[in-house]
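S.K.: Sequence:
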Amino acid sequence: MNIAITNSLKEKSINQYIIYIACAFVFCINVSEKISTILLILFFAGSLVNIKKFSLAQFKKVSVIFVLFFVFLIINLFVEEDFLFKTIEKKLSLLILPIAFAIVYVDKKALYQVCLWFIYGVIFACLLNLLEPFVNDFNWTTFEFAEVKQKVFFKNHNWLNHFYSLHFPNFLDRSYYSIYLNFAIAVVWYLLDWKMKHKIAAILFFLIHIFLSNSLIGLLGLGVLFVVFVVSLRKTYLLLLIPVLIGVVLLFSPRLREYIAEFWLYLTEPDKIPGDFLGNRWRMWTSSIELIKEAPWFGYGKEGFDVAFNDVLHKNVGWSRYLLTQVGFNAHNQYMQFWGEIGILGVIIYIIAFIRFIVQAIKNKLNVKFLKLTFILLIILFSFSETVINRYIGISFFTFFYCFFQVNSSLDTENC
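Just add 62 to wherever you are in the sequence shown, counting from 1, and you've got this note's numbering.
These are calculated hints, taken from the structure and not from any lab test. Heads up, a few of these hints could be off.
What the hints assert, rightly or not - Ranges between beta-carbon positions, derived for each pair:
hint: 1; residue 1: I410; residue 2: V111; range: 44 to 52 angstroms
hint: 2; residue 1: T387; residue 2: Y321; range: 25 to 33 angstroms
hint: 3; residue 1: D169; residue 2: F147; range: 33 to 41 angstroms
hint: 4; residue 1: P305; residue 2: E331; range: 17 to 25 angstroms
hint: 5; residue 1: I424; residue 2: S382; range: 44 to 52 angstroms
hint: 6; residue 1: L428; residue 2: I113; range: 45 to 53 angstroms
hint: 7; residue 1: F446; residue 2: F147; range: 41 to 49 angstroms
hint: 8; residue 1: I413; residue 2: K152; range: 17 to 25 angstroms
hint: 9; residue 1: I417; residue 2: W202; range: 52 to 60 angstroms
Where a beta carbon is used, it is the ideal one built from N, C-alpha and C, also for glycine.
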């Protein structure tokens, strides 16, 4: 037994075992926050074991993320009166992943392995997601689902609704879940070497779950997928299929039908536009803008912005202090969130990260270019409605795949 293990270790490089950990991480990120956090730490620790392989060239490709972390840290140290470790704890991915990916060698095989296991994880998460209503909301006596309205439990932030889970962290927010699904569709279409019938089956399976999640940002993500798909085929006439796509989405999504009806009403009768148009999102955006105007250069720091944000919401909207404290609202816009926390410099660096990624993606050839563009365009869109670099399920997903795609040696133009 010992001899077999020794021989296995000799046959496989340290780098290969690090890639195995990466595969496990992207699989579990769809299911368990705790397990994926442990795997992320193991991924970083494993890379340090191979520190002699550190590549300055690879680090430069992801250095903007590293810089973003230190700007966040320095400005918080400067503006926060009582600096707390938890202020940077959730942002550690911005520090450790650029270092790890400056060490790890990601070739074409590793690219395929990691993306494949991400797809397996999404499929597994979807199955758990379908199972959850039968466990929690199904009456086995009458063989009917209990009518469950959306509820908020302030102690643990659980949103209870059919078809997204109460028990698995990533399903507590439909927006994050639907972005994972959109990216999974792109991976299946552009990268995997499955038979076409298997690709179509997987994409339809993911589409069903996007409709079930009933997330507006997830449905808008389908537009990103469609535009990149049309560009990749270089057939302009396919743009005519956009109305067909919208029609299909409308058939499956009652929520989007409501948005379309409201939009048409406000377009034809502007006097009926309510003061709280876009609901809570509008309240949060206007409150964020109010705070940004007061501290545009360096912001308030993470904790300072949270406190000021709650104060503004309490004053402008009238929400109770208890609600604001328990739920922990944020700007629901990553650009505004950075601006409020660390000032204009944070927003500029975040945008530079996108620009650098897009520029490098354009230099690539064939399908991988469009996979990378799909990923970054989804993040850009998502950042208008959510705070990506605020919650673990967003920051770990964004930072991992950003660095993973940037350093992949098989994506360089001369190697495609």
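S.K.: Range first: 17 to 25 angstroms. Now tell me if the beta carbons of P305 and E331 are that far apart.
M.R.: Holds, since P305 and E331 (Cβ atoms, about 24 angstroms apart) stay within the stated range.
S.K.: Do the beta carbons of I413 and K152 sit within 17 to 25 angstroms of each other?
M.R.: 21 angstroms, holds
S.K.: For I417 and W202, compare the CB-CB distance with the range 52 to 60 angstroms and indicate the outcome.
M.R.: 54 angstroms, holds
S.K.: Is the distance from the Cβ of F446 to the Cβ of F147 consistent with 41 to 49 angstroms?
M.R.: Cβ of F446 to Cβ of F147: about 30 angstroms, so the range 41 to 49 angstroms is violated.
S.K.: Can the suggested window of 45 to 53 angstroms be confirmed for the beta-carbon pair L428 and I113?
M.R.: 33 angstroms, violated
S.K.: Please test the hint of 44 to 52 angstroms on the beta carbon pair from I410 and V111.
M.R.: 36 angstroms, violated
S.K.: Holds or violated: the 44 to 52 angstroms window for the beta-carbon distance between I424 and S382?
M.R.: Roughly 49 angstroms apart at Cβ, these two residues keep to the hinted range, so it holds.
S.K.: Do the Cβ positions of T387 and Y321 conform to the proposed distance bound of 25 to 33 angstroms?
M.R.: 31 angstroms, holds
S.K.: For the pair D169 and F147, does the Cβ-Cβ distance stay inside 33 to 41 angstroms?
M.R.: 37 angstroms, holds
Hint violations for this structure: numbers 1, 6 and 7, all remaining hints satisfied.
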